[in-house]
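*Asks:* Sequence:
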Amino acid sequence: MGNSWGSATTVPYRIRVARTPRARVHHLLAFTQRPLLINYNFSFPPSSITSLVRGLPTSLFGEPATDPPQLRLTLIHACIPWRITIVASNARYVNVNDVLMGLYTTLRTHLTNVTLTEFNSLERARHREKVCKSYRKRYRRLRGQDYVREKMQGMKRIDFMIGHTKFLGLTQRSSSQPDVWQVEAA
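If you read the sequence shown in full-length UniProt numbering, its first letter stands for residue 1, the second for the next number, and so on.
These are computed hints drawn from the structure, not numbers from a lab.
Where hints are given, some of them may not hold.
[Claimed, not checked] Derived DSS-like pairs: lysine-lysine, alpha-carbon spacing no greater than 25 Å straight-line:
hint, residue 1, residue 2
1, LYS133, LYS151
2, LYS151, LYS166
3, LYS137, LYS151
4, LYS151, LYS130
5, LYS166, LYS137
6, LYS166, LYS130
7, LYS133, LYS166
[As the list claims (entries may be wrong)] Listed next, with one range per pair, are the computed distances between beta-carbon atoms:
hint, residue 1, residue 2, range
8, SER174, ASN39, 24 to 30 Å
9, ARG34, ASP146, 20 to 26 Å
10, VAL53, GLU150, 30 to 36 Å
Built from N, CA and C at the ideal position, the CB exists for glycine as well.
Can you make the complete structure from the sequences, with help from the hints?
*Replies:* Below you can see the structure in the form of structure tokens.
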């Protein structure tokens, strides 16, 4: 008796492929059409966060930033030519505070602490000029010694955001990369 592949007596079967469930971000970090529960300008430390809700429990900031929880998250934004890596501070999962603190500390890094390759990697001269203008605006808002100190420290990564420093939330880039999130800012 020969091979019966394709004959009328062959019983077809389907291979089931398990789908990775789409990751969700914590509601304090989720980008929605409604205002976020928190107001945060990431050019200032997370201690400056205010809330739209009276009595927002601080315990929420210790909750996992994503579901399922991740040990590491990667944040990206169209204005910056690098990725921001957020690592779990508690060795179990990245929490909401890790994300907010990670944004602040990464973007406050002086450009001199990294290579000028980042600045030169900006494709358009117009974008480079906007970054320079953002730097000048940042230090000119200060007075006295703070002005001098900030100016002497030079350009920082926050300047690449060209004024888009109001945190609006995170959106997932792709279900195949549950640890990569787009920072939405205004």
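*Asks:* When the structure is checked against the list of hints, which entries are broken? Sort them ascending.
*Replies:* Number 9 only.
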